[in-house]
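Given the structure of chain A, go ahead and fit chains B, C and D onto it with the hints provided.
Chains as they are written, first to last, in our numbering: chain A, 19 to 295; chain B, 19 to 295; chain C, 19 to 295; chain D, 19 to 295.
Since the hints were made in silico from the structure, they are not lab data. Do not rely on the hints blindly, as some may be mistaken.
Any copy will do: because identical chains look the same in the list, a pair fits if it lies in one copy or spans two.
[Stated by the list, open to error] Here are the simulated lysine-lysine pairs, PhoX-like style, with alpha carbons at most 20 Å apart:
1) LYS123 x LYS101
2) LYS263 x LYS123
3) LYS89 x LYS101
4) LYS144 x LYS101
5) LYS123 x LYS144
6) LYS32 x LYS101
7) LYS158 x LYS89
8) LYS263 x LYS32
9) LYS263 x LYS278
There are 4 protein chains.
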Amino acid sequence: MVSFTILVDCPDEKGLIYRITRILYHRQLNIVENSEFVDSNTNRFFMRTEVEGIADENILQEELEAALPSKSYIRIITAGRKKLVVLATRENHCLGDLMVRNHFKEWNAEICAVISNHHTLEDFVKRLGIPFHALLSEGKSRDDHEQVMAALIDGYNPDYVVLAKYMRILTPAFVERYQNRIINIHHSFLPAFVGAQPYRQAYDRGVKIIGATAHFVNNNLDEGPIICQSVVPVDHSQNASDMAKAGKDIEKMVLSQALKLILEDRVMLSGNKTIIF
Amino acid sequence: MVSFTILVDCPDEKGLIYRITRILYHRQLNIVENSEFVDSNTNRFFMRTEVEGIADENILQEELEAALPSKSYIRIITAGRKKLVVLATRENHCLGDLMVRNHFKEWNAEICAVISNHHTLEDFVKRLGIPFHALLSEGKSRDDHEQVMAALIDGYNPDYVVLAKYMRILTPAFVERYQNRIINIHHSFLPAFVGAQPYRQAYDRGVKIIGATAHFVNNNLDEGPIICQSVVPVDHSQNASDMAKAGKDIEKMVLSQALKLILEDRVMLSGNKTIIF
Amino acid sequence: MVSFTILVDCPDEKGLIYRITRILYHRQLNIVENSEFVDSNTNRFFMRTEVEGIADENILQEELEAALPSKSYIRIITAGRKKLVVLATRENHCLGDLMVRNHFKEWNAEICAVISNHHTLEDFVKRLGIPFHALLSEGKSRDDHEQVMAALIDGYNPDYVVLAKYMRILTPAFVERYQNRIINIHHSFLPAFVGAQPYRQAYDRGVKIIGATAHFVNNNLDEGPIICQSVVPVDHSQNASDMAKAGKDIEKMVLSQALKLILEDRVMLSGNKTIIF
Amino acid sequence: MVSFTILVDCPDEKGLIYRITRILYHRQLNIVENSEFVDSNTNRFFMRTEVEGIADENILQEELEAALPSKSYIRIITAGRKKLVVLATRENHCLGDLMVRNHFKEWNAEICAVISNHHTLEDFVKRLGIPFHALLSEGKSRDDHEQVMAALIDGYNPDYVVLAKYMRILTPAFVERYQNRIINIHHSFLPAFVGAQPYRQAYDRGVKIIGATAHFVNNNLDEGPIICQSVVPVDHSQNASDMAKAGKDIEKMVLSQALKLILEDRVMLSGNKTIIF
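Looking at chain A on its own, in the form it has when it is part of the complex:
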């Protein structure tokens, strides 16, 4: 018995669920979990189906394609350990949380390597037996630095690149190379406080709640599709530095929540938004 996840993204029309489930029924596949959504703005239909059973993926893919409208996007994903490369800088909270989950195999995924533009986190990562690459950026152009990094990343052939507080801006070329495969944690409740020093900005504005946002990275800084957000209350007694500390805990939780959803293939994209099944 095998498990598949089927993701469908197609133009909406009547009978889609019927057509898809008919194929699954005739292939003797048992639906374990099913979710649908119609984006009435774009008139597209989204469906995520977890099935159990035995089927030839290629035939299933062909049958679904034949049954669905043109411009349908169909993915059949077999359960398998996904590969991650993590980029970090000096802060340890997000990386630490990912490393512990990885060490104890909490997820159906593995961290292949950690790459950093500083040495700060090297000892910790190596102690837990994960390759660590220090790619210092000094004396290198942004493009050169990224090219070395991309070559390193590609050597691991990861499914996703996770920015666990990686504090350098990525070029459009780099972002495009890993389209829809880079996940970032931004230390604010986007779209409030885009850019640098969000906790300083939050303190200066006197907000009573701060937040963190996990999102896909696209070419516009902090503007990619949002996956998860969370918040924590703050008060007048906390200065920018206290807020930054308070924010760390939700940053790491939000990044982990987003990754869990992604690793379970529960996140679909509709324009600049995510659909979370």
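Below, chains B, C and D alone, put in the same frame as chain A:
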């Protein structure tokens, strides 16, 4: 064009979604929203489908029954204003919130009447043009009191009876009369602090969070299926009375949230639990 | 036995608590609740003290002034019912919540009148026995409209003017007239989505949490000191209109929370921020 | 310049703040942060003061004792790294979080050792350079097992013993040995679901929110003073095992929050309740 909501609760087996959506497709009904769940404990399948189109309800019901296993429970609900009778005692916060929503027709429902065992809320209810019945309990046996109340309620033929801080315990006979149709708001995070004076209990225990629970009423006090819960942080500076005040705001929000779900036919029952679609 | 609240805002230096509490002790006043804060950015000290006892306010004020540095700001507030004038437009949720609390005297305050630029809420307000003034803006210049409104407001001599979803922008002249006395509820998690149609903006951005912000009004739109904020999770299935509905419940709760704090004299201002004791 | 924290717990009477701050003022100590609370149930006054300056602790203690009523409890705590011994069983999430914080010196504390009744976590702990003691319980009486453990613990002379999902019940003798110094994380929203398998209990009850509770351990199982609680929403689609997974994230956050408060000397005890300053 009409809207229906179809609720299915049946033994789980392969092909259920296929069989149901085939019927809807052939009847030219468009699925607007669809949700499914399999309770693996009881091996039952639950589905809620919102459709648009024109169909003879009786024929549709027959077709679905023919297509689904025996011991299936199928309900086809046409959109219509539901009727509520509200029972209250002296506290105004839950009733006040319901009355405002009713006055401005926020929900596809109407409060037909308010019944109370005190006069406290009478003036407020009457000002907003809703019939108010004061059924004082003094000098009456519990059974007599409830019989008068049931007769009054039945005169309005309500879909649901809402206990908006009705502070008298109901007899099994009364509860059975309105099986799965009585919604209560309990002023604690059930199952903590069952019974009387939950805020006093919460204060004595020194909890850091208090809660409220909206649930269906069954014959065991505070043990019916939970619909919604919410919480609010408290601290050492709040005594039992402060906690009660803090709790009022979440009580009224939780009761309203639960009612909204019920009025949209999003709540199904699986044993002593609710499934919320 | 009387209760006072003493608010002190003064340059920070050693011994302030000692000097203040010495005076209270010698006046035989019992401290019921006490809170302090030093804003290290501005080097100012803030203190809120609730005392019980009998004292001549003028003498107490003089003694405190003599004991504290120059440029100290001292307020002694005797418990008394505060007066509110509420401005609203067409939405009922915030106004409804305030009106219910007012009707049942939940706060040590009274709503003297409701002023609106539409007739929509008139019947509801009048049913609950509160004066309603419809000041339609059509055919009037903004200044003329505001002048009539200010005259009306001043006739009630309110402590605070509450904007319960008042959807017209106020002129600087009007805002200055009621400096630090106008409280607004903004239907977003400020500073995200400043300006018009915040729920539309939130939907377009694909956020996973929406919020509401109660703040003092100053001359820069949506930029006054924040008093309270709260949030509610949303998901892809909710469009802008669904988000607006979901937001209403937190808007009304946040506005009420902010007002409760203000009416208990728990809100002090430090530049563009609030200190909440 | 040194920092002290002064904790006072004494019978309430007029002038306490004045008497305490007078001493601090005359000793030229600058108050950085100050909090007070009167428990009107027990008529005791609690105060936590952070001061900067130079003072002889013994003299300060004597002066405060002389100024305050008899039966006062005064503690002067100089900033210093606190020592922790962590007890764990097989679950890694709470321990992992503590170990990462410890590794990067997030707190003014150090984990001296981890003791476990299983080998599961040994490799992880040793990789991060912390002593790990496997004290298997098989073939040992509870008393014998605890005596070996107590001897081990005492060898490290810790300020606190942290139960990071230590799944064995402790005897009253052990609990008394470390009175008010054992912190536990319970995997439910106490007092709901006391005892074993709280997530199974929560699932069976059909709750919509689950929680975690950090508390001091006393002799009655799960009934010690509560320090922190937190919750996370769940729904019908989550079975007991899913709830347990969802609960892990809040368990680790709540335990860390509680420890942070304790390590900053912000937690005082009033009977079976905590006061958190």
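When the structure is checked against the list of hints, which entries are broken? Sort them ascending. 3, 6, 7, 8
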